[in-house]
Amino acid sequence: MNSILRFFVIGIVLALIVTIWDGFFILPEGQQAVVTQFGAPVGNPVVDAGLHLKTPFVQDVALFSKKIMIWDGDPNQIPTKDKTFVYIDVTARWRISDALRFLQAVNNEIRAQTILDDIIDSSARDLVNKNDLVEIIRSSDWVPGESSKDAELEDKITLGRDKMEDMILKTASQATPKYGIELVDVMFKRVNYIEKVSLKVYQRMISERKRIAAEKRSFGEGQKAEILGKVQRELKLVTSEATQKAQQIRGEADAEATKIYADAYSKDPEFYAFMKTLESYETTFGKNTKLVISSDSEFYKYINKLK
Amino acid sequence: MTNQDQPPQWGKKKGPASPEEFIAAFLKKLKESFEGGGSKFGGGNGNPSGGDGVPPGLGGALSKILIVVVALVVVNALSASFYTIEPGERGVVMRLGKFQKITQSGLNFKVPLLDTLYKVDVETVRKEEFGFRTRVPGQKTVYDKRGYQTESLMLTGDKNVIDVAWIVQYKVRDPLKFLIKVADPRQAVRDVSEKAIRQVVGNQDFDYALQNREVIETRTTLDLQKTLDIYESGIKIVTVKLQDVNPPEAVKPAFNEVNEADQDMKRLVNEAEETYNKVIPKAKGSAKQTIEEAYGYAIERTNLAKGEVARFLNILKEYSGAKEVTRRRMYLETMEKILPEVDSIYMLDESQKSILPFFDISKSGKQGMPVK
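Protein chains in written order, with our numbering: chain L, 1 to 307; chain P, 1001 to 1372.
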């Protein structure tokens, strides 16, 4: 009898423990909970972490994350407005803003991803399709000329990627609240050309480089020619200047010499002529000379006389 | 994530055994004591254990076992109440799921069963690689670059493609936020990094991006930190470092050609300057030579003139005294000097009206007959 009572007591204690235990639930940080009674939600979602009460056995608790979660779309092949095909990889951060609605409309995170696929992909596709490629590449605060040189020939930016991301976020955010989802941001993670386009782009880049290379070589040739020309110019300049100066010096000297000669020789021009003539005989007559001299000449006249 | 089970999930618990386990253990012990008691006391007369007749000694045995169990639980709880936080770690303590406190490194106490502890490393710098992966870390690290093109290829502001590999280093600044704010902090860092660097590079022309690594690094760090702060991720970006910034593989040869052309250009200019240096200084020297020679000529010329004039004047002075004699003397002296030098001399008699008729003077002196 005593032992049966003991059994009974133990059973009651156990039941009590289980009941009390089931009357509480612990909500960890970073999570939120919806209390449901036979599947139907009761009251507002619980968002503060800690110990909470619920009716034992009758009520269930569904826990949802409060954290920021990642949605990563499939890379999409989308043509831009200027007919360039690009792969766009869009990613988004989202969180469950209304756990109750989320429970009713979505139920779990995997389904949420699918819903976001539909919502974000379509708005991203629309927006990319309506804009030029540069809008996706450059930021809204892109300033021409700062880090890019061909400012005036380049297309102007009307939106830029941040504004486009904002627009996708806004469009998509209109659809998400009914699922209890809040989008934190949407971003273009990757934008790349599709393979066919990138081959063309590479070809263009190669031709650009070749152009630059040719320009450099040609510039070098030009520089070389210029310097060689300069060499000639300076050479002529230096030489002619020197010749000019030398001639001048010589001329002055000649003039002075002439003056000296004239001053002296004019004292007896006839004698000068005589003397100079004799001197020039000395220098001009030589081995190549055949001299025919009259026997009347001053030099031979005595020979005749002796005959 | 759904969890309809009761009791609620306790997450990644590192503390003592959870209540369920505790109860399960307790029940098991209880059951064992019953079975054990049954077999011990009822086994002799062949009755099946449990059920109807409970042996008299069961109460005492049960209480003994209970004491042991309680003692075990107490010891277990006590040992689980103290924990060590390593240097560079922080302990985040949740009491019944709610954030309680952050504990520093050293020995710490927590309430058993109620408190849950999460250890977060806040000192280690975590690293994310983009566009490559370290395959074998070590002194000579081996990198793997293939297959990560989707990460590393990005578009520049002038619609070109550039290949950028980079790393992001970060650490945990706020362990609590790190735990509870973002579902997958690592993936968040990766995604935002890729977005931030593409945005920065997209604002730059290809050539600029190729040469301004620091600018890209600084701006990416700022953008990345800003976005992670918006998420309240509790992450601090330590650094963003670019590894390789290259043209895409297919375009590289063309880039090398530009470098070659650049070298060619410099070479051509150098060659021309070499010619300049060879010619011009020499020409300048020659020019000076010409001028110096001219000066030399000038001095010589005047000096000669002066000398000649002096001689002439002296001769003239003497000549004036005996004109006729001097003239004759000078004439004869000159003839003396000249005549031995000349090739041949023909003397012509004045009485003969013409030159000797049979004498061909056009012939050379050796054939001709000298007239003497």
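These aren't lab readings, by the way, just hints derived from the structure by calculation. A couple of the hints might just be wrong.
As the list claims (entries may be wrong) - Sample of chain L residues facing chain P (criterion: CB under 10 Å; computed from the structure):
| id | residue |
| --- | --- |
| 1 | 74 |
| 2 | 75 |
| 3 | 84 |
| 4 | 126 |
| 5 | 129 |
| 6 | 166 |
| 7 | 214 |
| 8 | 215 |
| 9 | 219 |
| 10 | 239 |
| 11 | 278 |
What you are looking at is a predicted structure, and each value in this text was computed from that prediction instead of being measured. We put the beta carbon where it would ideally sit given N, CA and C, even for glycine.
Hints violated by the structure (numbers, ascending):
1, 4, 5 and 6
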